[in-house]
Amino acid sequence: MSYQLQTRQNRGGKKSIILTTVIALLVFGIYYVFPGFFTQVTLAIAKPISKSIDAVASVFSNSQFFHSKADLVDENARLHKQNQDLEEKLISFDLLASQNEELRKFLGVRSKLTGVAVPVTMHPSQSPYDLLVLALSSENTVQVGNLVTNGSVALGTVTEIAGKNAKVTLYTSPGTLTEGRIMKNGTPVILKGVGGGNFVYTAPRELDIVEGDLISLSSNSDFALARVSHIEETDSDSFKMLRLSNITNIFSLTFVEIIHGQ
Amino acid sequence: MDSKPYKRIGTVVAMVVSLFVFPWWVTCMLGIYFVLFFNKPFEIFIIALFLDGMYGIVQPNFFFTHIFFLGAVVVFIVSLWIKEHFMFKN
Numbered sequence: 001m002s003y004q005l006q007t008r009q010n011r012g013g014k015k016s017i018i019l020t021t022v023i024a025l026l027v028f029g030i031y032y033v034f035p036g037f038f039t040q041v042t043l044a045i046a047k048p049i050s051k052s053i054d055a056v057a058s059v060f061s062n063s064q065f066f067h068s069k070a071d072l073v074d075e076n077a078r079l080h081k082q083n084q085d086l087e088e089k090l091i092s093f094d095l096l097a098s099q100n101e102e103l104r105k106f107l108g109v110r111s112k113l114t115g116v117a118v119p120v121t122m123h124p125s126q127s128p129y130d131l132l133v134l135a136l137s138s139e140n141t142v143q144v145g146n147l148v149t150n151g152s153v154a155l156g157t158v159t160e161i162a163g164k165n166a167k168v169t170l171y172t173s174p175g176t177l178t179e180g181r182i183m184k185n186g187t188p189v190i191l192k193g194v195g196g197g198n199f200v201y202t203a204p205r206e207l208d209i210v211e212g213d214l215i216s217l218s219s220n221s222d223f224a225l226a227r228v229s230h231i232e233e234t235d236s237d238s239f240k241m242l243r244l245s246n247i248t249n250i251f252s253l254t255f256v257e258i259i260h261g262q
Numbered sequence: 001m002d003s004k005p006y007k008r009i010g011t012v013v014a015m016v017v018s019l020f021v022f023p024w025w026v027t028c029m030l031g032i033y034f035v036l037f038f039n040k041p042f043e044i045f046i047i048a049l050f051l052d053g054m055y056g057i058v059q060p061n062f063f064f065t066h067i068f069f070l071g072a073v074v075v076f077i078v079s080l081w082i083k084e085h086f087m088f089k090n
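From first to last, the protein sequence lines are chains R and S. Just so you know, my numbering puts the end of the first sequence at 262, numbered straight through with nothing missing. Just so you know, my numbering puts the end of the second sequence at 90, numbered straight through with nothing missing.
Careful, some of the hints might be misleading.
Said to hold, decoys possible - Pairs of lysine-lysine residues, derived as DSS-like cross-links and limited to a Cα-Cα distance of at most 25 angstroms, are as follows:
{"hint": "1", "chain 1": "S", "residue 1": "K4", "chain 2": "R", "residue 2": "K14"}
{"hint": "2", "chain 1": "R", "residue 1": "K15", "chain 2": "S", "residue 2": "K7"}
{"hint": "3", "chain 1": "S", "residue 1": "K4", "chain 2": "R", "residue 2": "K164"}
{"hint": "4", "chain 1": "R", "residue 1": "K47", "chain 2": "R", "residue 2": "K105"}
{"hint": "5", "chain 1": "R", "residue 1": "K14", "chain 2": "S", "residue 2": "K40"}
I should point out that these hints are in silico values taken from the structure, not numbers from a laboratory.
Modelling step: build the complete structure from the supplied sequences, incorporating the hints.
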């Protein structure tokens, strides 16, 4: 057994440091000449691999081998009930939507926003920031700054387009500040993203807000932004800490909408 | 120090798979293991660039955009010092 305190080893270490410095300078240089190069190359390579992994995962998750018959019967009954409930809600939603449309026409408020559905290739659970990677098709005319939603829930904005991929920074990304309004009374708030699909907001103690209240996007009140999930306050504090969460589960998104002309 | 090529290839493959399947910190832990227990682990820079390219958010500065790459450089250099002073090989 020989210990590593040897001159040859030191020389090897110096060589490694020199090589690492050269690699770092090379990466630095490429970034300054072609800023989007690494993103474009990595996403081009990652996209087919990610799709293959998703396909394999879906084969396993759909396999009968992992489901017992009783589980399937239970699930079928639960889905049947859920379907009925959703159909009932959809009827009332259609009524409300038509009333809303009439009211908007009457007030002269523009209501039609056009959007395209885009598949999600990578989710926040894999990334340190709350970030989505979307696969664009050739027909998509997406620009940096476009709003990204899931139904009537605002998720974030397009921050980078690399070839046929787009990166979306979610409003819940750590440090991101987003202006919103409390839906029930219109009070403006600024939510701070803390990652994991969550926000925080420090509010004055007198603010009229309770758990379950919804916050809409300030720039477009058609879209909901977050729901108050927990309020922390003590008798001696003059402020209370609101913890809010995204209304949709950002970890299981398969499709999102990119909104044009907001 | 592991010098067997199949172990090296296996670890690199595990890191590549973890890029797509597991959360980012799993890849980081595998990366640290790889840097500490293999000789000249330059493959870590490619993995780090992949992490930055796939999951990095746009920032006006190189140093914020390439956090994983810079982290890999730091861990690599620290690992040289650790290997020299604290680790021994057969």
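How the hints compare with the structure:
Using a Cα cut-off of 25 angstroms, the hinted pair S:K4 and R:K14 holds, with the two alpha carbons roughly 23 angstroms apart. Taking the CA atoms of R:K15 and S:K7, the gap is near 24 angstroms; set against the 25 angstroms cutoff, the hint holds. The hinted pair formed by S:K4 and R:K164 fails the criterion: a straight-line CA distance of about 39 angstroms is larger than 25 angstroms. The straight-line distance between the Cα atoms of R:K47 and R:K105 is roughly 43 angstroms, outside the 25 angstroms bound, and the hint therefore fails.
A distance of roughly 12 angstroms separates the Cα atoms of R:K14 and S:K40; the hinted pair therefore holds under the 25 angstroms criterion.
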